[in-house]
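Note that the protein sequences, when read in sequence, are chains A and B.
Per our numbering: the first sequence = residues -16 to 232.
Per our numbering: the second sequence = residues 221 to 420.
Warning: the hint list may mix true and false statements.
[As the list claims (entries may be wrong)] Per label pair, the in silico range of CB-to-CB distance: (1) A/Asp142 - B/His376: 41 to 49 Å; (2) A/Arg165 - B/Gly359: 31 to 39 Å; (3) B/Arg226 - A/Asp151: 34 to 42 Å; (4) B/Arg226 - A/Asp67: 29 to 37 Å.
[Claimed, not checked] The calculated SDA-like cross-link candidates involving lysine to any residue, where the alpha carbons are at most 20 Å apart (straight line), are: (5) B/Lys305 - A/Glu47; (6) A/Lys(-6) - A/Arg27; (7) B/Lys305 - A/Gly68; (8) A/Lys(-6) - B/Glu414; (9) B/Lys305 - A/Thr202; (10) A/Lys(-6) - B/Tyr408; (11) B/Lys350 - B/Tyr328; (12) A/Lys(-6) - B/Arg413; (13) B/Lys305 - B/Lys350; (14) A/Lys(-6) - A/Pro21; (15) B/Lys350 - B/Asp316; (16) B/Lys350 - B/Thr308; (17) A/Lys(-6) - B/Ala418; (18) A/Lys(-6) - B/Gly419; (19) B/Lys305 - B/Phe223; (20) B/Lys305 - A/Glu69; (21) B/Lys350 - B/Pro327; (22) B/Lys305 - B/Glu249; (23) B/Lys305 - A/Pro201; (24) A/Lys(-6) - B/Ile407; (25) B/Lys350 - B/Phe285; (26) A/Lys(-6) - B/Gln415; (27) B/Lys350 - B/Gln415; (28) B/Lys305 - A/Arg43.
[Claimed, not checked] Only part of the chain B face toward chain A is listed, based on derived beta-carbon distances under 7 Å: (29) Arg240; (30) Gly244; (31) Ala256.
Think of the hints as simulated: they come from the structure by calculation, not from any bench.
None of these values were measured; they are calculated from a predicted model.
Ideal Cβ placement from N, Cα and C applies to all residues, glycine included.
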Amino acid sequence: MAGTAVRGRLKPLTWQVATVAEAVDETARVRTIVLDVPDWPGHRAGQHLDVRLTAEDGYRAEREYSIASAPGEPVAITVERLEDGEVSPYLTDELRAGDGIELRGPIGGYFVWDGDDGDPLLLIAGGSGIVPLRAMVRHRQRAGSDVPVRLFYSSRTLDDVIYRGELDEVGDGIEVVYTLTRERPAGWTGYNRRVDGDLLREVAWPADEGARAFVCGPTSFVEAVAEGLVDLGYPPARVKTERFGATGS
Amino acid sequence: MSFVSRGFRGRPRDTGDPGRVPPGQYVTEDFPVLSAGPTPHTPLDEWTFSVVDGDGRTTWTWEEFRALPSETITVDIHCVTRWSKLDTTWQGVSVDTLLEAAEADSPYVLAFCDGGYTANLPTEDVTGGKAWVAFGYDGEPLDPEHGGPARLLVPHLYFWKSAKWVRGLALREDDEPGFWETYGYHIYGDPWREQRYAGD
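Just chain B, with the same shape it has in the complex:
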């Protein structure tokens, strides 16, 4: 006999197409912010993006990065704190483009960011058209509090994997836990399997 909350009927919000909203999530029109510290503000003339492979490093300046082919992406995003936002539109450079240019080949990547954040991801989750380094949102430059000048965008995983203020990808042989993962969040973070916390 499963538990029932006495007197709770629920007031399901507009979840749109139920097939689009993972279990335990609700749809919001807002764009809430989740981060652990002050918002970094790196000037664009000091900003670089790097793919780091051991001692090797391929680096783009902001101008070089923005000269790479970019795409407009419309996706649903799902935060571990339970909001989902549908049909968000981003502009970004495919991670495929960056890893191919760096001739990178490793089973895992660790995204590293201003502020010291990191997020670990299997390489197969950031390649094949599944992930971007996003610099625009809704046709505007990405707001610093949402991760600008650029953040990772990996929409099929919980949104903490879409690391804000990203500055590069370090290639890894092992799945080394990142910032939130070290504090008890799930190592992989699939919203459709509700992988919120370690052990889920």
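Here chain A stands alone, though its shape is the one from the complex:
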């Protein structure tokens, strides 16, 4: 994979106890948790962090979550409750402002956008795959970048759209295009079908515009989109992907 090599960090990532500053419901199943992290080295848009829960009997469960906030903003994660999950229901239903939570990070150096190369940015999200892409959108806004951004976001229903209010007001230079795959409200004018090659041809910039693509969502979604972009002529090295399986709670 072409790309600028980044040396691995030298310091180990250590666990620390952060405090929940705020918990905000995004949808019926999704909550954003804003954290006060005492010793945070800063992060890049697209990185993630590890969360560790410990029960009184010492039992522990760890998961990774994408960071939802832009570099320079308070650290936040956005969590979707998985009904059979062990960690996500705790984060969406139990955790509240003032609670402590153990984490470490940031993690990952490939699925990141620093916004310093000027290339158009094509962001394609399926479901809660929007989270790291939202960090990129916010980073562009905070950095005052004028890089053209097109965000294509596939959700089941309008009520499942995360950050809807925010995405409705992203402002100049950022286009947001939705598709709703299961149910549409009356008068819906966005797309109404699952992503495929034809839909991508309509929403993605032509390959010769030199865009960078970031694709995040469930595996089948990411496979379809990444393959579709390559078919449209996007060089594979310009299509960065992050996938989550059905069971990653």
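Given chain A, work out where chain B should sit, using these hints.
Using the frame of chain A, we list chain B on its own:
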């Protein structure tokens, strides 16, 4: 006093024999996918596997590779993203077979792959019946999204070391970081010591 998460009791999943699941992992029945870019699709008539030693190169075509002795392997696998999958069954050629045929001898190898991925491994971790180039899963050809036509299988290390779409092994005198290792993942990746990230 160690930290306790208020109100968290945990709901341990079926972890089977606890001695089989490394710390921080949970058992899944699914086979999740982790990769950084589009899935490559190299036609079998263009596929080769090579052992590269400086200027020397021993290469097998797909037909030659498939004519090598192969084994069925049943192993547990552990992904750094915390899922473990027990009793997975693969078909593959032992890396011993490939390195012996190439008369290879070096302290490290760097697996190289379609899509430009690499993964670094000590030679002693891919020899002695510990690693394979797998072309089958559950009796079927290995699915491209899981690394087909062939991937490395090094089940005793975190699964990113089992590089997908592998096309060869380059012999190395030094432990040169591969793709994920360059982005902060551990240089060795032992799940039993939770070597997830550099410095762990």
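Task: Violated hints, by number in ascending order, as checked against the structure - done: As far as the earlier hints go, 4, 19 and 29 are violated by this structure, in ascending order.
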